[in-house]
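Visitor: Just so you know, the protein sequences line up as chains F and V, in that order. Position one of the first sequence corresponds to residue 1 (our numbering), numbered consecutively onward. Position one of the second sequence corresponds to residue 1 (our numbering), numbered consecutively onward.
No wet-lab data here; the hints were simulated from the structure. C-beta atoms are modelled at their ideal positions from N, C-alpha and C, and glycine is treated no differently. Some clues are possibly wrong.
To be verified - As a list, the in silico EDC-like pairs of lysine to aspartate or glutamate whose alpha-carbon atoms are at most 16 Å apart:
no., chain 1, residue 1, chain 2, residue 2
1, V, K101, F, D106
2, V, K42, F, D106
3, V, K101, F, D96
4, V, K1, F, D30
5, V, K101, F, D30
6, F, K9, V, D39
Claimed, not checked - Stretch-level coverage of chain V by chain F, calculated; a stretch enters the list once three of its residues show a Cβ under 8 Å from a Cβ in chain F:
no., segment
7, 43-53
8, 102-108
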Amino acid sequence: DGGITQSPKYLFRKEGQNVTLSCEQNLNHDAMYWYRQDPGQGLRLIYYSQIVNDFQKGDIAEGYSVSREKKESFPLTVTSAQKNPTAFYLCASTEDGSNQPQHFGDGTRLSIL
Amino acid sequence: KQEVTQIPAALSVPEGENLVLNCSFTDSAIYNLQWFRQDPGKGLTSLLLIQSSQREQTSGRLNASLDKSSGRSTLYIAASQPGDSATYLCAVRYGSSNTGKLIFGQGTTLQVKP
């Protein structure tokens with residue numbers, strides 16, 4: 001079945017540590033996105049990528065980094081510079097074209113130890 | 001500033017009731033609007049997508065309407081069931097660029113009681 005796989009489902013970070021969240025899709029979608037969801041708030045865009053080897057900052061990119069070396073993969077690194085990383089992180093993808101719906105993975109919940 | 005608002009934040013109804021969820025947006029120059037469902041601890045599932053040129057979209061017991069002039073969209077759920085209990089989010093895309101960037105509302109958490 002085609003879809004988006006995020007791993008791990010739960011992740012714990014120690015102070016000063018970088019952690020990487022995985023996002024893989026087998027939908028052959030060109031565009032991929034990372035969102036952050038906090039309780040009582042809507043999703044906020046961290047980074048997005050429309051094509052391999054290219055990505056753009058979203059609204060809250062500070063303290064995060066991404067790479068897009070393969071079409072199917074878009075990992076997100078939460079760096080030690082992100083002082084409030086506790087949140088639910090969601091990865092999404094869409095076919096090229098502005099009228100296509102976004103498809104989401106099941107998310108990774110990141111907490112601070 | 002482009003903002004999307006959903007009111008109420010939570011709603012509880014008895015099974016079988018028809019209900020309406022509301023979404024409002026500050027800038028009427030939208031490209032499309034999408035309604036999502038989110039179950040606890042899960043990702044988002046796309047329910048309906050309405051293009052700016054459309055007035056409504058239907059899928060089964062769900063009907064979404066769009067009124068750009070008033071900056072509003074509604075999601076109508078007919079004959080609600082306990083399985084409809086979830087958080088419903090609306091998201092708006094602005095402009096004609098191909099970034100696919102969405103602006104989300106905070107969501108309405110629906111509980112349908114048996």
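Visitor: Holds or violated: V:K101 and F:D96, Cα atoms, limit 16 Å.
Guide: Cα-Cα ~12 Å, so holds.
Visitor: With a Cβ-Cβ cutoff of 8 Å, does the segment 43-53 of chain V contain at least three residues near chain F?
Guide: holds (count 6)
Visitor: Hey, V:K101 versus F:D30, does the alpha-carbon distance stay inside 16 Å?
Guide: holds (14 Å)
Visitor: Taken at face value, is the distance from the CA of V:D39 to the CA of F:K9 at most 16 Å?
Guide: Within the cut-off at roughly 15 Å; holds.
Visitor: For the pair supplied as a hint, V:K101 and F:D106, confirm whether the alpha-carbon distance does not exceed 16 Å.
Guide: Between V:K101 and F:D106 the Cα gap is close to 19 Å, so the pair fails against 16 Å, i.e. violated.
Visitor: Count residues of the segment 102-108 of chain V with a Cβ under 8 Å from any Cβ of chain F, then say if the count reaches three.
Guide: This one holds; 6 residues, not fewer than the three required, reach chain F with a Cβ under 8 Å.
Visitor: Regarding the pair V:K1 and F:D30, is the alpha-carbon distance no greater than 16 Å?
Guide: At roughly 29 Å apart (the allowed maximum being 16 Å), F:D30 and V:K1 break the hint.
Visitor: V:K42 and F:D106: Cα distance at most 16 Å?
Guide: holds (5 Å)
When held up to the earlier numbered hints, the structure conflicts with 1 and 4 and fits the remainder.
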